[in-house]
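Residues per chain, in single letters:
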Amino acid sequence: MSFVGRSEAERRAMLDRIGAARFEDLWEAIPEAFRVSGSLPLPGPLAEYEIARRMEQLAGENADAGRYACFLGAGIYDHFVPAALRAIISRSEFATAYTPYQPEVSQGTLQAIFEYQSMIRELTGMEVANASMYDGATAAVEAAGLAAGAVGRRRVLVSAGVHPHVRGVLATYASAGNFAVEEIPLEGGRTSAAAVARRAGPDAEPVAALVWSQPNFEGIVEDGKGLTDAVHAAGGYSVAVADPVALTVLAPPGADGADVVVGEGQPLGVAMSYGGPLVGFFAIRKRDVRRLPGRLAGATVDLDGKRGFVLTLQTREQHIRRERATSNICTNQGLMALANTVHLALLGAQGMRDVGLQCLERAHYLADRLAAIPGVTLAHGGAPFFREFVLRLPAPAERFVQSALGSRILAGVPLARYDAARPNDLLVAVTEKRGKEEMDRYAETLARWTRAGRPAPEEAACPS
Amino acid sequence: MPELTLVPTLHEASVAGHRGPRLAPLDVPEQGAPRLLPGVRLRPGAPALPEISEPAVVRHFVNLSVMNHHIDRAIYPLGSCTMKYNPKLNDEIARIPGFAAIHPLQPEETVQGAMALIGELHEWIRAIMEMPGVTTQPAAGAQCELTAILMARAYHAERGDAREEVIVPDSAHGTNPSTVHQVGYRVVTVPSGPDGCVDMAALRAAVSRKTAAMMLTNPNTLGIFERNVGEMARLIHDAGALLYLDGANLNAMVGLASPGRMGFDFAHINLHKTFSTPHGGGGPGGGVLCVKDELEPYLPVPMLIREEERWRWSEDRPRSIGRVHSFYGNFGILVRALAYMRSLGASGIAEVSREAILNANYLKARLVEAYQPSHQGPCMHEFVLSANRQKARGARALDIAKRVLDFGMHAPTTYFPLIVDEALMVEPTETETKASLDAYADALLAIDLETRQDVARVKNSPTRTPVRRLDEARAARQPVLSWQDMGGADGSP
Chain W
1395 MSFVGRSEAE RRAMLDRIGA ARFEDLWEAI PEAFRVSGSL PLPGPLAEYE
1445 IARRMEQLAG ENADAGRYAC FLGAGIYDHF VPAALRAIIS RSEFATAYTP
1495 YQPEVSQGTL QAIFEYQSMI RELTGMEVAN ASMYDGATAA VEAAGLAAGA
1545 VGRRRVLVSA GVHPHVRGVL ATYASAGNFA VEEIPLEGGR TSAAAVARRA
1595 GPDAEPVAAL VWSQPNFEGI VEDGKGLTDA VHAAGGYSVA VADPVALTVL
1645 APPGADGADV VVGEGQPLGV AMSYGGPLVG FFAIRKRDVR RLPGRLAGAT
1695 VDLDGKRGFV LTLQTREQHI RRERATSNIC TNQGLMALAN TVHLALLGAQ
1745 GMRDVGLQCL ERAHYLADRL AAIPGVTLAH GGAPFFREFV LRLPAPAERF
1795 VQSALGSRIL AGVPLARYDA ARPNDLLVAV TEKRGKEEMD RYAETLARWT
1845 RAGRPAPEEA ACPS
Chain U
12 MPELTLVPTL HEASVAGHRG PRLAPLDVPE QGAPRLLPGV RLRPGAPALP
62 EISEPAVVRH FVNLSVMNHH IDRAIYPLGS CTMKYNPKLN DEIARIPGFA
112 AIHPLQPEET VQGAMALIGE LHEWIRAIME MPGVTTQPAA GAQCELTAIL
162 MARAYHAERG DAREEVIVPD SAHGTNPSTV HQVGYRVVTV PSGPDGCVDM
212 AALRAAVSRK TAAMMLTNPN TLGIFERNVG EMARLIHDAG ALLYLDGANL
262 NAMVGLASPG RMGFDFAHIN LHKTFSTPHG GGGPGGGVLC VKDELEPYLP
312 VPMLIREEER WRWSEDRPRS IGRVHSFYGN FGILVRALAY MRSLGASGIA
362 EVSREAILNA NYLKARLVEA YQPSHQGPCM HEFVLSANRQ KARGARALDI
412 AKRVLDFGMH APTTYFPLIV DEALMVEPTE TETKASLDAY ADALLAIDLE
462 TRQDVARVKN SPTRTPVRRL DEARAARQPV LSWQDMGGAD GSP
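Protein chains in written order, with this note's numbering: chain W, 1395 to 1858; chain U, 12 to 504.
Everything labelled a hint here was simulated from the structure, so no lab data went into it. Keep in mind that a hint or two might mislead.
Claimed, not checked - Partial pick of chain U residues on the chain W-facing surface, computed with a CB cut under 8 Å:
{"no.": "1", "residue": "A111"}
{"no.": "2", "residue": "G195"}
{"no.": "3", "residue": "V199"}
{"no.": "4", "residue": "M273"}
{"no.": "5", "residue": "P295"}
{"no.": "6", "residue": "A467"}
{"no.": "7", "residue": "R468"}
Stated by the list, open to error - Keeping only pairs whose Cα atoms sit at most 20 Å apart, straight-line, the calculated SDA-like set for lysine to any residue is:
{"no.": "8", "chain 1": "W", "residue 1": "K1827", "chain 2": "W", "residue 2": "A1478"}
{"no.": "9", "chain 1": "W", "residue 1": "K1827", "chain 2": "U", "residue 2": "D38"}
{"no.": "10", "chain 1": "U", "residue 1": "K470", "chain 2": "W", "residue 2": "G1699"}
{"no.": "11", "chain 1": "U", "residue 1": "K445", "chain 2": "W", "residue 2": "K1827"}
{"no.": "12", "chain 1": "U", "residue 1": "K221", "chain 2": "U", "residue 2": "A244"}
Unchecked claim - Rough simulated footprint, nothing fancy, chain W against chain U, three-plus residues with beta-carbon under 8 Å:
{"no.": "13", "region": "86-96"}
{"no.": "14", "region": "156-163"}
{"no.": "15", "region": "248-261"}
{"no.": "16", "region": "379-387"}
Where is the CB? At the ideal position from N, CA and C, for every residue including glycine.
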């Protein structure tokens, strides 16, 4: 297969015009020693249907959410994605354009970014949103960096309720030395404002920020106002990592007084796609707009006074500012931000509210059913949760996950993955797509497993 | 053809009570948020999002979309961006539920197909780059750079060697110095010589025991192959430092030359450039970071490994810099890139660069009669012109770029690299036909003629685009960054 349209006659004519005798004369500058000798040690070309067959075979080896009832969450959710959304983001006009460097021929992309910024602003309760980051984790990193710069301190407190992968990425970037991270453990599944106040108190090294999650990794709704007040009292920024679907039901962190609100946009119309491409949203207060990383669209007028949109305040960015830029980000996740925009437009005010409320209702229905099974409890008791909760099983969660596959259920994320001391805890998520029949099947599967498959206590104590 | 008019924002198009797609009714007993979330601060009602029917939303976005220039419409020779055709099959494959509807935290035995796909992509990349270590976790080229420089930091730290500087040529992309700064190193800029390549005497003077690494784009942003790269590698390595390849321009040498043989210790690939994944209006991209054996232990976790006939994600890598992405990178982009590689096969991959180089040289040959090239001699896959002569007649590079838009084509990259006055950076890519290149050359030559005969026409361009030149100064001076910021009832800023 080739995507080059060229006849021999054209090639000859082109070489003649160039004044080159041979094709090879054009890359004489590459020293012989660096050239690929002969052909690459790779297979030959395949026809479309051969590739499709091979790829479908690989895809068929995966248990997808079309065939299995997916109760996995932990940052990535199996939400409804309208067909109209897929049709729109598949259009060449959006998919095969690039960064809108020439606004006169990029008004489609630019206005969509502007609309995205507006809707993220509304969801987060903030004042300015940018055009997207790579994912929720890197958005959190940029937020920590922004806070450190704005406050002029390095010490960043991070709640253990922030997704462990987000904490991981924060730690990686912190190795560059622009900020230092310190973890605040959860108490009863929630971040304690008193603990924040203690750790950020007058005797401690002053803090740049507290990074907290709404809801947190274990599904629990945090006291955003209490946490924000605690870190503000210490002169630091309140940085929320929020779930955009939860923000249709919960008071947004902006209303809690947060200074930066970031998060993962995947739940807004982006396919799970094995965890990527994702999209991070990033919202701030106006006072920090010059510190904002990434692209930003703004409205203006053209020579005839007609409204139009441009990339603006670009002096923050690497292609202008080089080493003084607010971030090195260039290519972002534009098409996924467009998916968010289309999703919010299609579902609209009431549709998004319905999504949020259904997640809440369904998650509680399932949690109640499961916690009624003898030996099964909710790890955090009556702590308030949104669409996700931690189930404590009478035996290792990993085994239940394996067993549930037989009932075509993806049962959740075993927390042993992150904490070996919690072998029996399982993180379970419920979206608006999980019907009563699927949830009842889940409950029956778990009940059956606890009865039949439930190992003796001694065995459970030392998992093989 | 209908006239392209301004499209109202979603906010302006909203009508209270209109609804798009609906959910199935709740089939479990409803309890209500106040009862389920006692003591929690709730949003008082639905968020203030638009209320629009599905057909109206579709029309809105279709009407927006047709105002965009895109590669399926016409040539898009944005230098450094490699705007080539994106094969449709690849998008179709990425949408197969077995790829699109799988969760990153499923048990590994339920995603072996996805993991095998990533493994296969890594094999192809190893063969192309001749470098053994590969990660596809970074989301884009700039994140590869950051990952790499963090790895360089870890590498030197482990040797108890506190290095302070990273060398970056003055022709480098802005991401290079920005990355260096973000990782806490100092940028040392080396100038380019009259031949457009790194000035070797200046480089010798710049390299020291303080040097942590050098970042090199090859071919460089002038479209010139840095023929001294072997010597640069020796210089850098003799100082105990590392040499990084910014692979933005890999489309000039994929299948033709081997970065592994040039002495690079690490290198990135932009899958959205060389391997044809759609640019999406700004992203997503796909980043690949390739490293030599000595840097392999520092690669981000988790690492894909194969053990006893099955694929596994390994976190057990004590010297790793850690994670750089929420999960495993832009998987959907990896699917597309592998489908592209398999379409081309070994022979097709080698053809990419040869034809990209031919196209660039042909277009350059047609344009040099009117536009001054930055350098004489053959170019690689892109070239840089200066609009100096046109500027003398009153039309700057910006004006020429805007006038190109009137021809239904996209402008070159302008004012980059910084070392060329009035730069126009042109990268046609291999997927443009001769006819398309001729049309582009004809347009640019016509514009040059206009600068002699009717410069005002160039200065006043574009006139055939959905909007004319936009007031960027006003956008920055009075920022209107959301519809909440819009003052007037008519929605005007």
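We went through each hint and held it up to the structure:
The criterion of a C-beta within 8 Å of any C-beta in chain W is met by A111(U), whose closest approach is roughly 4 Å, and the hint holds. Interface restraint check for G195(U): the shortest CB-CB distance to chain W comes to about 4 Å, inside 8 Å, so the restraint holds. Against a cut-off of 8 Å between C-beta atoms, the interface hint on V199(U) is violated, since the closest Cβ of chain W lies about 11 Å away. Taking 8 Å as the C-beta cut-off, the interface hint given for M273(U) holds, the closest approach to chain W being about 5 Å.
The interface hint given for P295(U) is met, as the beta carbon of that residue sits about 4 Å from the closest beta carbon of chain W, less than 8 Å. Annotation: interface hint on A467(U) violated; nearest CB of chain W at approximately 13 Å, more than 8 Å. The closest approach between the C-beta of R468(U) and any C-beta of chain W is roughly 14 Å, which is over the 8 Å cut-off, so the hint fails. Restraint check for K1827(W) and A1478(W): satisfied, since their Cα atoms lie roughly 17 Å apart, inside the 20 Å limit.
Simply put, K1827(W) and D38(U) have alpha-carbon atoms about 11 Å apart, close enough for the 20 Å limit, and the pair holds. Of the pairs offered as hints, the one joining K470(U) and G1699(W) holds, with about 18 Å between alpha carbons and a cut-off of 20 Å not exceeded. Among the hinted pairs, K445(U) with K1827(W) is inconsistent with the structure: their alpha-carbon atoms are about 51 Å apart, more than 20 Å. A distance of roughly 16 Å separates the Cα atoms of K221(U) and A244(U); the hinted pair therefore holds under the 20 Å criterion.
Coverage of the region 86-96 of chain U by chain W holds. Counting CB-CB distances below 8 Å, 6 residues qualify, and the rule asks for three or more. For the region 156-163 of chain U, the proposed coverage by chain W is satisfied: 3 residues have a C-beta within less than 8 Å of a C-beta in that chain, meeting the threshold of three. With a threshold of 8 Å between beta carbons, the proposed coverage of the region 248-261 of chain U by chain W is violated, since 0 of its residues qualify and at least three are required. Counting residues of the region 379-387 of chain U whose CB lies closer than 8 Å to any CB of chain W gives 0, so the stated coverage by that chain is violated, three being the minimum.
Violated hints for the displayed structure, listed by number in ascending order: 3, 6, 7, 11, 15, 16.
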